[in-house]
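Required output: the full structure, derived from the provided sequences and hints.
Residue numbers for the sequence shown follow our numbering, so the first one is 25 and each next one is one higher.
Derived by calculation from the structure, the hints in this document are not laboratory data.
From the three backbone atoms N, C-alpha and C, an ideal C-beta is built for every residue, glycine too.
Honestly, I wouldn't trust all of these hints.
To be verified - Below, in silico cross-link-like pairs of lysine to any residue (SDA-like), each with a Cα-Cα straight-line distance of 20 Å or less:
| hint | residue 1 | residue 2 |
| --- | --- | --- |
| 1 | 63 | 78 |
| 2 | 63 | 136 |
| 3 | 82 | 93 |
Unchecked claim - Label-pair distances were calculated between CB atoms; the ranges are:
| hint | residue 1 | residue 2 | range |
| --- | --- | --- | --- |
| 4 | 63 | 121 | 22 to 30 Å |
| 5 | 61 | 105 | 17 to 25 Å |
| 6 | 102 | 171 | 13 to 21 Å |
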Amino acid sequence: MPGLTTQHGVNFFHLPFTHTHSHSYSFSPPPIFSLQSIKRDLILSPKGIYLIGREKVKKGPEKGQIKEVLKRKLEFESIHSVSLSMRQDDFFIVHEAQYDSLLESNFKTEFLSLLCKRYEEVTKNKLSLSFNDRLEFRVKKEGWGGGGTRVVVFQRGQGDLAEIKPAGKTLTINVGDGLPKTSKPTKKGSPQNHGGGRSQPPSRGHQNGAPRGRDAPPPQQPEQTYSIPQKQNRPPSAALPKLGSLNTRRGSAQTQQGNLDFLNVPDQGVSG
25 MPGLTTQHGV
35 NFFHLPFTHT
45 HSHSYSFSPP
55 PIFSLQSIKR
65 DLILSPKGIY
75 LIGREKVKKG
85 PEKGQIKEVL
95 KRKLEFESIH
105 SVSLSMRQDD
115 FFIVHEAQYD
125 SLLESNFKTE
135 FLSLLCKRYE
145 EVTKNKLSLS
155 FNDRLEFRVK
165 KEGWGGGGTR
175 VVVFQRGQGD
185 LAEIKPAGKT
195 LTINVGDGLP
205 KTSKPTKKGS
215 PQNHGGGRSQ
225 PPSRGHQNGA
235 PRGRDAPPPQ
245 QPEQTYSIPQ
255 KQNRPPSAAL
265 PKLGSLNTRR
275 GSAQTQQGNL
285 DFLNVPDQGV
295 SG
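What follows is the structure, given as structure tokens:
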């Protein structure tokens, strides 16, 4: 699967992945509002969740280089639930003891499936999943203006891509409904039987596109005969004379040649 790799029991959900920290939202009275989303690598290990970011080194011999930095670590013991909408968006909220994280990933289904499995293996409890089109999450308190809660509202849209509209402390996401919850996976190329019965074999009442009458006899297939080819290098055995007949002919020829003495002219004074 592209974007998802596994090494030594650790699942790496690579880009595209967008993690929006709570402190990345700058909430101010409308109409002034700023929304920032930061790309992160999401790593699911047997012990917890890791969010890896990239920052440019500002000092030292590696100044100007981009390095991976651990942005947040969420252990399974500190996670108590995950919230999702009832639509086909890629957003979900991980609720943690200190503050929550609003995440967006193209691999939401794969990630949550593995998260529930790993969570149950470690905590011996099932991870609580809540579905609602109005979700609340706590943001990280930073300075004087941080902290508090924010609201994400999901509304029915026209397309498959989510349309984000921030306003005040509310983030509105418009997206299509997607497939119903009763949908089941189907194999590619498998025939779908909507009638509920077996399909009947095709009728044989037509031959070459023309209908056949009731009393007409069925068409007969032309008979084909096949002959075994014979090698012509040797004549057939019937055309060859037998060995005994050759010997008989040779013997009779010699006998006839031996009995031709009577044709000789007798000597003078000798009677035949």
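Against the structure, the hints come out as follows:
1. 63 to 78: holds (9 Å)
2. 63 to 136: At roughly 19 Å apart (the allowed maximum being 20 Å), residue 136 and residue 63 satisfy the hint.
3. 82 to 93: holds (13 Å)
4. 63 to 121: 22 to 30 Å: holds (25 Å)
5. 61 to 105: 17 to 25 Å: holds (23 Å)
6. 102 to 171: 13 to 21 Å: 18 Å Cβ-Cβ, so the 13 to 21 Å window holds.
Of the hints listed earlier, there is not a single one the structure fails to meet.
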